[in-house]
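Participant: Input sequences plus hints: build the corresponding full structure.
Here is how the chains run, residue by residue.
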Amino acid sequence: MSSPLSPPRARESLGALGRLLYDVDVRSLWERDTATLARRHRAQRQRYRDFAAEHLLPRALAADRQVGDDEIRALFCLAAAQGLQTEQLPKPWGSARLGAFGQGLLWSAVLKAEEMTAGCGGLGLALLAHDLGTAPLMMSGERRALGWLHHIYRQIEAGEPAIAAFAITEPGAGSDVEETEGAASASLATRARRVSGGYRISGQKCFITGGRLARWVTLFAALEDEGIESWTCFLLDTSMEGFAVGRSERKLGQRAADASELLLDDVFVPDDRIIGGLRAGWALNRNVLNYSRPAVGAIAVGIARAAFEHTLAFCGDAQLRGKSLLAHQDVQLTLAEMLTQIQAARALVWHTARYGRPFQAAGAIPKAFAARVAWEVSTRAMELLGDHGYLHGHGVEKAARDARLTLIYEGTHQINLLSIIEGQAGAEFPELAP
Amino acid sequence: MADLGDSLVESGEMEALRSAARRFADEVISPMVGTEGRDGDLAQLDAVLSQAAELGIMASLDPEAAAYDYGVWGAASLAAGATASLLILEELARACAGVAGCVHFAGLGAAALAGPQNDAAQLDGARIACTRAAVVACPPRWAAIAHRGPEAEDHLLLRAGQIDGRARFVWSAPGSDTLVMFAAGEDGLERVVVRRDAAGLGLMEVQGRMGLAACSVHDVVAKAAVGVRLGPAPVQEHWVQEHWARNWLGLCAIAIGNARGALEGAHTYAVERRQGGALIASHPAVQLLLGGAEARICTSRAALLQLAQGTRPDLRHATMLKLRITSDCAEAVSDCLQVLGGYGYMEDYRQEKRLRDALTLRSMGGRAADLACRLARSFEGGAG
Numbered sequence: 001m002s003s004p005l006s007p008p009r010a011r012e013s014l015g016a017l018g019r020l021l022y023d024v025d026v027r028s029l030w031e032r033d034t035a036t037l038a039r040r041h042r043a044q045r046q047r048y049r050d051f052a053a054e055h056l057l058p059r060a061l062a063a064d065r066q067v068g069d070d071e072i073r074a075l076f077c078l079a080a081a082q083g084l085q086t087e088q089l090p091k092p093w094g095s096a097r098l099g100a101f102g103q104g105l106l107w108s109a110v111l112k113a114e115e116m117t118a119g120c121g122g123l124g125l126a127l128l129a130h131d132l133g134t135a136p137l138m139m140s141g142e143r144r145a146l147g148w149l150h151h152i153y154r155q156i157e158a159g160e161p162a163i164a165a166f167a168i169t170e171p172g173a174g175s176d177v178e179e180t181e182g183a184a185s186a187s188l189a190t191r192a193r194r195v196s197g198g199y200r201i202s203g204q205k206c207f208i209t210g211g212r213l214a215r216w217v218t219l220f221a222a223l224e225d226e227g228i229e230s231w232t233c234f235l236l237d238t239s240m241e242g243f244a245v246g247r248s249e250r251k252l253g254q255r256a257a258d259a260s261e262l263l264l265d266d267v268f269v270p271d272d273r274i275i276g277g278l279r280a281g282w283a284l285n286r287n288v289l290n291y292s293r294p295a296v297g298a299i300a301v302g303i304a305r306a307a308f309e310h311t312l313a314f315c316g317d318a319q320l321r322g323k324s325l326l327a328h329q330d331v332q333l334t335l336a337e338m339l340t341q342i343q344a345a346r347a348l349v350w351h352t353a354r355y356g357r358p359f360q361a362a363g364a365i366p367k368a369f370a371a372r373v374a375w376e377v378s379t380r381a382m383e384l385l386g387d388h389g390y391l392h393g394h395g396v397e398k399a400a401r402d403a404r405l406t407l408i409y410e411g412t413h414q415i416n417l418l419s420i421i422e423g424q425a426g427a428e429f430p431e432l433a434p
Numbered sequence: 001m002a003d004l005g006d007s008l009v010e011s012g013e014m015e016a017l018r019s020a021a022r023r024f025a026d027e028v029i030s031p032m033v034g035t036e037g038r039d040g041d042l043a044q045l046d047a048v049l050s051q052a053a054e055l056g057i058m059a060s061l062d063p064e065a066a067a068y069d070y071g072v073w074g075a076a077s078l079a080a081g082a083t084a085s086l087l088i089l090e091e092l093a094r095a096c097a098g099v100a101g102c103v104h105f106a107g108l109g110a111a112a113l114a115g116p117q118n119d120a121a122q123l124d125g126a127r128i129a130c131t132r133a134a135v136v137a138c139p140p141r142w143a144a145i146a147h148r149g150p151e152a153e154d155h156l157l158l159r160a161g162q163i164d165g166r167a168r169f170v171w172s173a174p175g176s177d178t179l180v181m182f183a184a185g186e187d188g189l190e191r192v193v194v195r196r197d198a199a200g201l202g203l204m205e206v207q208g209r210m211g212l213a214a215c216s217v218h219d220v221v222a223k224a225a226v227g228v229r230l231g232p233a234p235v236q237e238h239w240v241q242e243h244w245a246r247n248w249l250g251l252c253a254i255a256i257g258n259a260r261g262a263l264e265g266a267h268t269y270a271v272e273r274r275q276g277g278a279l280i281a282s283h284p285a286v287q288l289l290l291g292g293a294e295a296r297i298c299t300s301r302a303a304l305l306q307l308a309q310g311t312r313p314d315l316r317h318a319t320m321l322k323l324r325i326t327s328d329c330a331e332a333v334s335d336c337l338q339v340l341g342g343y344g345y346m347e348d349y350r351q352e353k354r355l356r357d358a359l360t361l362r363s364m365g366g367r368a369a370d371l372a373c374r375l376a377r378s379f380e381g382g383a384g
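Residue numbers (my numbering), protein chains in the order written: chain A, 1 to 434; chain B, 1 to 384.
Warning: the hint list may mix true and false statements.
[What the hints assert, rightly or not] Restraint-style ranges between C-beta atoms, simulated for each label pair:
(1) B:284 / A:322: 45 to 55 Å
(2) B:13 / A:68: 49 to 59 Å
(3) A:81 / B:27: 55 to 65 Å
(4) A:323 / B:229: 52 to 62 Å
(5) A:312 / B:377: 21 to 31 Å
(6) A:3 / B:316: 35 to 45 Å
(7) B:272 / A:68: 34 to 44 Å
(8) A:333 / B:76: 41 to 51 Å
(9) B:204 / A:268: 51 to 61 Å
(10) B:20 / A:324: 49 to 59 Å
(11) A:425 / B:272: 51 to 61 Å
[To be verified] Calculated Cβ distances over 12 Å to all of chain A for the following chain B residues:
(12) 80
(13) 198
(14) 236
(15) 283
(16) 370
[What the hints assert, rightly or not] Simulated coverage check for chain A against chain B, where a stretch passes if three residues somewhere in it have a Cβ under 8 Å from a Cβ of chain B:
(17) 117-127
(18) 329-335
To be clear, the hints were calculated from the coordinates, so they are not data collected in a lab. Here the structure is a predicted model, which means the values were calculated and not measured. Ideal Cβ positions, reconstructed from N, Cα and C, are used throughout, including at glycine.
Facilitator: As structure tokens, this is what we get:
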């Protein structure tokens, strides 16, 4: 029998209205947060969660050590069969429900990103990077580009692993392709030379997530003899002559998702593969980042949540000085702080999704905040577990390794912070208006 | 430029030791680490440790060897203080924290074998022939979480000359053939030396560690294991405290060296890499990271060398340093990795290895909460 001072029992002393106002239901924060969403988004969140629990979480530790390309393709097709990889277009062209975009384009992306990476950071990223790859097609707003998106979706719906990848980073231009000031002096190697009927592209991209498995690549190249202001987005088919995949990087974390070099040797790309128009690539890139950064924020929330859930599972199975680890107050304090940070990060990501159409600061703020949270939560989790914290089998050190990348990709933490300043120059920072 | 803490290091002999260690790290350890393989070419590890022993860096159990006195945690350190050992460990860790860890744990084993009186004659009398020792279950056990097991705590009991019990997360240098076990006898704590291949002793390797891959980690289970009991018995409390203090100070030195290596790598990268048309070393964002990292590392180093000035390491202060230094250095390494952007996250530049090692150093050897609570309790009690 619980204490008469415990909230459920104490509540009984109130009148009917008082009891109505006093919520003591035992429900998880996941359930409570989901209940605040629009109905269609509640169902989506549940679907993503079920998929991750069934297909990603059980594979997470093994995939972190080694995963084959066929396994990733099979996972992609599994997700696609449930309509999870074709959500940037509404039915009948894609799998999104018609009203899904009514509250903005971000909800699907952030809900999916968190649930997938809560299952596994690497496998989650391997699936999510496809949406980044197709994002320029959607964001261009062009009929032709949307037609290409539909074409890719038809392949996927036919059961093909028609994975897409987004290629902007080059060996000499990392941060430079993610922010305005550096871009002006960027050292770009990938160039498009005008020829009859199209362009020939030569150069190199690096750190391209999903690059090794991609069938389609939205690749950004400067026009010959011009600077980054000429950047143009091209849609490549990886079977094109002259296209090759170079080395795949050996990463600290999110290892199940490859990060590969793309090598271009005079690849012919016809005119109908120009996305968004000639010289519109820089604008397209920046706007894609406005949409992808909140999703990366959600990835960070998912990884932080994974760290928390693995820690909770461990604590439930562990004893210290004769009692359950969960009964120790220092453990409770740490778990509560971790949970608080995760809730705060999610709230910020969801707040951004409510804008409907994200702007620069709206993209960078949740990404910057949530990435910090993911790193702090996962490394605290390691500390909490003592010597068990550095063991692979508990999933916590993996979460820390996975979390670390969220401070780097989609613009480093520092680039994202500067992005906030640039984005709000003229508003919060009028003195900095251009 | 002089480093904060350099003034605490005596000139002459200390500098010579540090230089020798640095040369060894640069010429022998760094090539082993290289840029291939997750933690370098560990097949060369045995040869590297052998060279460390020949050079006198790694403590020897042979009283005739120079390394017996001057190796890390060798006899000289027990008499003259920890500074030399810590300087050596820091230099080794600049190249590889794992190799430094091997030297550190081997040294602790040698010190545990020699005992408080550094009695070489006693070792001869016991007819112990061993090359490398590991310390097992020196209480109190800080990392005593029992996960999915019936037992609550690590324990080693000595009854009628036999040892029963278990100890988890026993760190050692590879090739340790001897265990120095601290078991609870009828009259108090006793040291018992047991051969690794002794009957009744089971060692299970702890797999899947994040960092310090060069070191060995085992869970030890003893069932009626028999060894040679060494005096004096019971082991005095202060000796146990000194062992733990040496352990933690050594881990701090390794954390600092590892972070220094990260900082040097980040600086080298920053003066070569261009973004925005300029070297990234000129970018304020990068300068904030590098400056902050250096400040953490140097203040950690100064605190460590200050504490090492005493002949006998103080456990309470060593606890404080373990709590802070491993955490500050892990942050410093993370910031240094950040300077390299995406390249920092890849194996080639070795920053990710340093981060894995730093986080392992932070988690091992005692939960931060336990250390902090111990400090608070000892503050109330007024004694360390």
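Participant: For each hint, tell me whether it holds in the structure or not.
Facilitator: To see whether the hints hold, each was checked on the structure:
{"no.": "1", "hint": "B:284 / A:322: 45 to 55 Å", "in the structure": "52 Å, holds"}
{"no.": "2", "hint": "B:13 / A:68: 49 to 59 Å", "in the structure": "56 Å, holds"}
{"no.": "3", "hint": "A:81 / B:27: 55 to 65 Å", "in the structure": "57 Å, holds"}
{"no.": "4", "hint": "A:323 / B:229: 52 to 62 Å", "in the structure": "34 Å, violated"}
{"no.": "5", "hint": "A:312 / B:377: 21 to 31 Å", "in the structure": "27 Å, holds"}
{"no.": "6", "hint": "A:3 / B:316: 35 to 45 Å", "in the structure": "39 Å, holds"}
{"no.": "7", "hint": "B:272 / A:68: 34 to 44 Å", "in the structure": "36 Å, holds"}
{"no.": "8", "hint": "A:333 / B:76: 41 to 51 Å", "in the structure": "44 Å, holds"}
{"no.": "9", "hint": "B:204 / A:268: 51 to 61 Å", "in the structure": "59 Å, holds"}
{"no.": "10", "hint": "B:20 / A:324: 49 to 59 Å", "in the structure": "50 Å, holds"}
{"no.": "11", "hint": "A:425 / B:272: 51 to 61 Å", "in the structure": "31 Å, violated"}
{"no.": "12", "hint": "80", "in the structure": "32 Å, holds"}
{"no.": "13", "hint": "198", "in the structure": "25 Å, holds"}
{"no.": "14", "hint": "236", "in the structure": "25 Å, holds"}
{"no.": "15", "hint": "283", "in the structure": "8 Å, violated"}
{"no.": "16", "hint": "370", "in the structure": "8 Å, violated"}
{"no.": "17", "hint": "117-127", "in the structure": "violated (count 0)"}
{"no.": "18", "hint": "329-335", "in the structure": "holds (count 3)"}
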